[in-house]
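Here is what each chain is made of, one letter per residue.
Number of protein chains: 2
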Amino acid sequence: MSDVKIPYKIYLEENEIPKQWYNVRADMKNKPAPLLNPATLKPMTAEELGVVFCDELVAQELDETNAYIDIPQEIQDFYKMYRPAPLVRAYCLEKKLGTPAKIYYKFEGNNTSGSHKLNSAIAQAYYAKKQGLKGVTTETGAGQWGTALSMACSYFDLDCKVYMVKVSYEQKPFRREVMRTYGASVTPSPSNTTNVGRKILAEHPGTTGSLGCAISEAVEVATSNEGYRYVLGSVLNQVLLHQSVIGLETKAALDKYGIKPDIIIGCAGGGSNLGGLVSPFVGEMLRGENNYRIIAVEPASCPSFTRGKYAYDFCDTGNICPLAKMYTLGSNFIPSANHAGGLRFHGMSSTLSQLYHDGYMEAVSVEQTEVFKAATEFARVEGILPAPESSHAIRVAIDEALKCKETGEEKTIVFGLTGTGYFDMVAYEKFNNGEMTDYIPTDAEIQAGLDKLPKVE
Amino acid sequence: MSDVKIPYKIYLEENEIPKQWYNVRADMKNKPAPLLNPATLKPMTAEELGVVFCDELVAQELDETNAYIDIPQEIQDFYKMYRPAPLVRAYCLEKKLGTPAKIYYKFEGNNTSGSHKLNSAIAQAYYAKKQGLKGVTTETGAGQWGTALSMACSYFDLDCKVYMVKVSYEQKPFRREVMRTYGASVTPSPSNTTNVGRKILAEHPGTTGSLGCAISEAVEVATSNEGYRYVLGSVLNQVLLHQSVIGLETKAALDKYGIKPDIIIGCAGGGSNLGGLVSPFVGEMLRGENNYRIIAVEPASCPSFTRGKYAYDFCDTGNICPLAKMYTLGSNFIPSANHAGGLRFHGMSSTLSQLYHDGYMEAVSVEQTEVFKAATEFARVEGILPAPESSHAIRVAIDEALKCKETGEEKTIVFGLTGTGYFDMVAYEKFNNGEMTDYIPTDAEIQAGLDKLPKVE
Numbered sequence: 521m522s523d524v525k526i527p528y529k530i531y532l533e534e535n536e537i538p539k540q541w542y543n544v545r546a547d548m549k550n551k552p553a554p555l556l557n558p559a560t561l562k563p564m565t566a567e568e569l570g571v572v573f574c575d576e577l578v579a580q581e582l583d584e585t586n587a588y589i590d591i592p593q594e595i596q597d598f599y600k601m602y603r604p605a606p607l608v609r610a611y612c613l614e615k616k617l618g619t620p621a622k623i624y625y626k627f628e629g630n631n632t633s634g635s636h637k638l639n640s641a642i643a644q645a646y647y648a649k650k651q652g653l654k655g656v657t658t659e660t661g662a663g664q665w666g667t668a669l670s671m672a673c674s675y676f677d678l679d680c681k682v683y684m685v686k687v688s689y690e691q692k693p694f695r696r697e698v699m700r701t702y703g704a705s706v707t708p709s710p711s712n713t714t715n716v717g718r719k720i721l722a723e724h725p726g727t728t729g730s731l732g733c734a735i736s737e738a739v740e741v742a743t744s745n746e747g748y749r750y751v752l753g754s755v756l757n758q759v760l761l762h763q764s765v766i767g768l769e770t771k772a773a774l775d776k777y778g779i780k781p782d783i784i785i786g787c788a789g790g791g792s793n794l795g796g797l798v799s800p801f802v803g804e805m806l807r808g809e810n811n812y813r814i815i816a817v818e819p820a821s822c823p824s825f826t827r828g829k830y831a832y833d834f835c836d837t838g839n840i841c842p843l844a845k846m847y848t849l850g851s852n853f854i855p856s857a858n859h860a861g862g863l864r865f866h867g868m869s870s871t872l873s874q875l876y877h878d879g880y881m882e883a884v885s886v887e888q889t890e891v892f893k894a895a896t897e898f899a900r901v902e903g904i905l906p907a908p909e910s911s912h913a914i915r916v917a918i919d920e921a922l923k924c925k926e927t928g929e930e931k932t933i934v935f936g937l938t939g940t941g942y943f944d945m946v947a948y949e950k951f952n953n954g955e956m957t958d959y960i961p962t963d964a965e966i967q968a969g970l971d972k973l974p975k976v977e
Numbered sequence: 521m522s523d524v525k526i527p528y529k530i531y532l533e534e535n536e537i538p539k540q541w542y543n544v545r546a547d548m549k550n551k552p553a554p555l556l557n558p559a560t561l562k563p564m565t566a567e568e569l570g571v572v573f574c575d576e577l578v579a580q581e582l583d584e585t586n587a588y589i590d591i592p593q594e595i596q597d598f599y600k601m602y603r604p605a606p607l608v609r610a611y612c613l614e615k616k617l618g619t620p621a622k623i624y625y626k627f628e629g630n631n632t633s634g635s636h637k638l639n640s641a642i643a644q645a646y647y648a649k650k651q652g653l654k655g656v657t658t659e660t661g662a663g664q665w666g667t668a669l670s671m672a673c674s675y676f677d678l679d680c681k682v683y684m685v686k687v688s689y690e691q692k693p694f695r696r697e698v699m700r701t702y703g704a705s706v707t708p709s710p711s712n713t714t715n716v717g718r719k720i721l722a723e724h725p726g727t728t729g730s731l732g733c734a735i736s737e738a739v740e741v742a743t744s745n746e747g748y749r750y751v752l753g754s755v756l757n758q759v760l761l762h763q764s765v766i767g768l769e770t771k772a773a774l775d776k777y778g779i780k781p782d783i784i785i786g787c788a789g790g791g792s793n794l795g796g797l798v799s800p801f802v803g804e805m806l807r808g809e810n811n812y813r814i815i816a817v818e819p820a821s822c823p824s825f826t827r828g829k830y831a832y833d834f835c836d837t838g839n840i841c842p843l844a845k846m847y848t849l850g851s852n853f854i855p856s857a858n859h860a861g862g863l864r865f866h867g868m869s870s871t872l873s874q875l876y877h878d879g880y881m882e883a884v885s886v887e888q889t890e891v892f893k894a895a896t897e898f899a900r901v902e903g904i905l906p907a908p909e910s911s912h913a914i915r916v917a918i919d920e921a922l923k924c925k926e927t928g929e930e931k932t933i934v935f936g937l938t939g940t941g942y943f944d945m946v947a948y949e950k951f952n953n954g955e956m957t958d959y960i961p962t963d964a965e966i967q968a969g970l971d972k973l974p975k976v977e
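Sequence order for the protein chains is A and B. First residue of the first sequence: 521, per this note's numbering; consecutive thereafter. First residue of the second sequence: 521, per this note's numbering; consecutive thereafter.
In isolation and in its complexed conformation, chain A is listed as follows (with noise of 0.2 Å):
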C-alpha cells in the first residue's frame, strides 16, 4: 500500500475501541511464576490477594486461561471520553533524520493524567467501587498513575489516598495540585503516617524515596483501614491485562492499512506500557502467527532487565508485599538521585520477565542526557513535548532509524509513547542549561542489591 494513503495520524472509530482485553498468559507455554506468600513461600491464594486487592482484580491476577476478558460497559464509556489514543506517523521525523525506515508512535498522552495509566486506573476504581469500597490507596513515582487514579476515583466518587516518592513530590510540586484539583490526598514517601515509613525514616533519615517505599506505605494503610483496598499502576498481571487496550488499538489501526512492523520500542519501568502495548503482537509470536522484533528500554541508572536478575524478590522495600519472580534490582535498590522522571521501580513484570527470559524481546538501557537529546529532537518536529519516560523509546527508535539510514533499509518501527513531559520541566530546564548529568551504577552497587535478594527455590 502506498504511503500517500496513510494519513498523519490514524484514528479508530469509537465502535473500534477494544471491547475486550487480551490476557496474554493464556497464550504463555511458560506461564510467568505465581506471586508467593513471604511468611510461606506458597503461591498466594486468592483469598490472600483479597485482603490487599480488589476481589475481582485478584481474579484477573490469577486468570492464567482466558485470553480475552469482557471490559464492562462503564468502563467502555469512560474510554470513550479519551479513547481512541491515535497511532501517529511520524512524517517530519523521519523526514528531519533523513530515513528510509517508517515510524509510527501511539500516543497516550491526550488525557490529563498525561499518560497510558489512565487505561488501568478506571479500571481498578471501577471494580473498587463494584465491590462498596469506600477508597483505595496508592503509591506514585514520577505522578502519572497518582494524577490517573485521583481521575478515576473521582468519576466513581471514591475517596483515593496517595502516597507519591518524595523526590517526585519535590520535583513536581504542581502534579500534587493536579491530584487535589480530583479529590485526592497526597503524602510524601516516606512519611510519618504509618509504621512503615516511619522505620524508613530511622533506618535512612534523608532518603528522597522509592516507588519501594510508597508501596510499603500504600499497602499498610489500605490493609489497616476498613473498606479500603491497595491498588497498583504497573508490574501486576492485571495492569498488563487493561493497558492492552493500547496494543489492540495499535494493532487495529496498522491493519487497517495492512502495515507489518519490524521492530516494537516500549520504554520500561514496571512495565505496564511495554506490556500493553506488545501483547497482542507477543500473542501472534507465542501461537506462531507472525514474528517482531520488540525491544524494552530502561534507564542505565534503573537496569533491571539489563543488568538485574531473574529471580524471586519482594516488589516494596518493606518486605510485606508478596514475592514476584521477576529481573530486579533489588527491593533495596534506590536509582541515584540524578535520575529524572519515573521508570525508577527496582523490578520489572513477571508476565515480561518470563517472555524475556524465553527471548521474545531485547532489551537496551540508555543514558538520561541521551534520552533528552532525543526528546528535544522529537518535541521540536513532531509538536509534542515527550515524557522523559516515553524519551526512552523515542531514543531507541531514533537510534534504529538512524541505522536504516545507514543500511538503506526501509523498516518499519513502532513506538509507544507512553505521555507528554508537562510536569517535567525541572527536568528539562536542567537539559536545557547544560546540568544534567548520567550516572551509571557501579558493578559493585548492582551486586549489593542482588545480594540481598531472598532466598527462595
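Since the hints were derived computationally from the structure, they do not count as laboratory data. What you are looking at is a predicted structure, and each value in this text was computed from that prediction instead of being measured. Accuracy of the hints is not assured; some may be wrong.
Any copy, or any two copies together, can satisfy a pair, since identical chains are not distinguished.
[Said to hold, decoys possible] SDA-like cross-link-like pairs, simulated, lysine to any residue; straight-line CA separation at most 25 Å: (1) Lys525 - Lys776; (2) Lys616 - Ile779; (3) Lys780 - Glu533; (4) Lys539 - Val901; (5) Lys525 - Ile537.
Got chain A; can you put chain B on it based on the hints?
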C-alpha cells in the same frame, strides 16, 4: 437524529481539515474600522504596516473582500500533526448537571502549546519564513501564544524572541522552559532590553507588566533589528482569519450529525478563539441564512466588552502601535494582580467589536472563583483539566445548561474549550486552598482608563 448515534468525540477525517480560511469581514456590511497611523490619524497603508508585520500577513490584515483564503500546503501539513481537533459531546457533564441541554465543546488543547494559539502561530511563522526573515518577536501573557510561536518557529527554523508579561513569567516558571526547549529566548516584560521597557519601569517601578507593555517591547525589537518582524497572537484580523479553522471544523462536525446549535459560547481576551469559533456561524447570520445566540465571556476583572468604550485606542501601553477602534478599557488598564491566567488585554478584536456593536453577539463577565468552580466540576467529569481562560466559557455553558434544567428546554450548547491548565497550577492551588479572591474594578477605576483614551474623530 437520535442521540445514540452521536459519539463522545466527533473527529473529522484528515482530508476534512479546512483547506481555506474563512474571512468573516467579506460578509460584514459594516466593516471593522481600519487601523490608524498614530501620527497622522490616517488609515495605515500596507507599506506602513509592512515595517512591523510580514508582507503577506499585512495583505490578509487588509483584505475585506475575499471570503475564503487558501491555506498553503506547508501549513496544511503542519495542521495534520495536531488537527482535526475533536468536537466532544459532554455526556458526562450533562449527566452530572441533570440537564436536558445537549452540550458540545471544541477541544483545542491537544497540542503541546496547550491551546488554539498554534493555528495562527504556524501561519505567521510560515509567512515570515517565506519572506526570508531571520526571526520574529512577540509578547505572551499566559504563555500559550509564546509556546505556540516557539513551536512554529522551531519547525521553520526561525529565531523567536518572546516578551512575557512579568506576572505570568513568575507564576508560570515552567512555561519558559517549554519555550526554551523549542529554542526561543524569553524575557520578562517590562525589561531593560528596550527603550519603552526602561521608560515603563521608570514610571511604574515594581509593575507586574501587562500585555500592552510586552507588545510595545516586542514591536520595538522587531522594528530595530534587520530581518525581524513582529507577530501577534490575538486581536488582529489576520489572527481571526487563521483561527477560523476552529469554527469551520466545528461546523463541519455538527453538520455531519445534523446538529444545529442554539447557543455558541467562547471566552474573550483579544478575541482570537471566540472570533475563530464563531466566524462561520456569524457568517450565516450576516448572510441571513441562520440565527444563533452567541455569547462572549470575559473576566469581571478585565471587562472590555461589558464595561469598556467602543472607541479608537492604542493596542499597546507604550503607544507606539497603530490605533484600533475597539471596545477598550484604555491602554493603561492593567487587571488586578490577583487575576489568574490570560484574558488580560485592555482591548478587543476590532472585527468582534464591530459585530458586538451591531448586535450579532452578547457579552457577559464572570468572576474567577466561579470560573474555577466550573473548571473543577468540568475536570472531574470530563477528564480534562481546563485552562483558566477556557473555564470562563465552561462557567457560562454550565449556567445556560442549568437554565435549561429549570425550563426543561433541550437547547444545544457549543462552547470553545481553548486549552489545558497544566501550567496554571499556582492558580488551581490557590483555589484548592480556598485562597482565591475576586476583584471587580470600581466605576472610578474604569472611568480613569476611559478618560485617557486618545481623541480621535
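- Task: Measure nothing new, just compare the shortest in-copy and cross-copy C-alpha distances for Lys780 and Glu533 to 25 Å and report within, between, both or neither.
- Result: both (21 Å within a copy, 23 Å between copies)
- Query: For the identical chains here, do Lys616 and Ile779 meet the 25 Å Cα criterion within one copy, between copies, both, or neither?
  - Reply: Within one copy only: 22 Å inside a chain, 42 Å across chains, cut-off 25 Å.
- Query: Using 25 Å as the alpha-carbon threshold, which applies to Lys525 and Lys776: within, between, both, or neither?
  - Reply: Answer is both; intra-copy 11 Å and inter-copy 23 Å each pass.
- Could you place Lys539 and Val901 in one of the four classes (within, between, both, neither) given a Cα distance threshold of 25 Å? So Lys539 and Val901 pass the 25 Å test across copies only (22 Å; inside, 34 Å).
- Status of Ile537 relative to Lys525 across identical chains (alpha carbons, at most 25 Å): Both, since 22 Å and 16 Å are each at most 25 Å.
The structure shown violates none of the earlier numbered hints.
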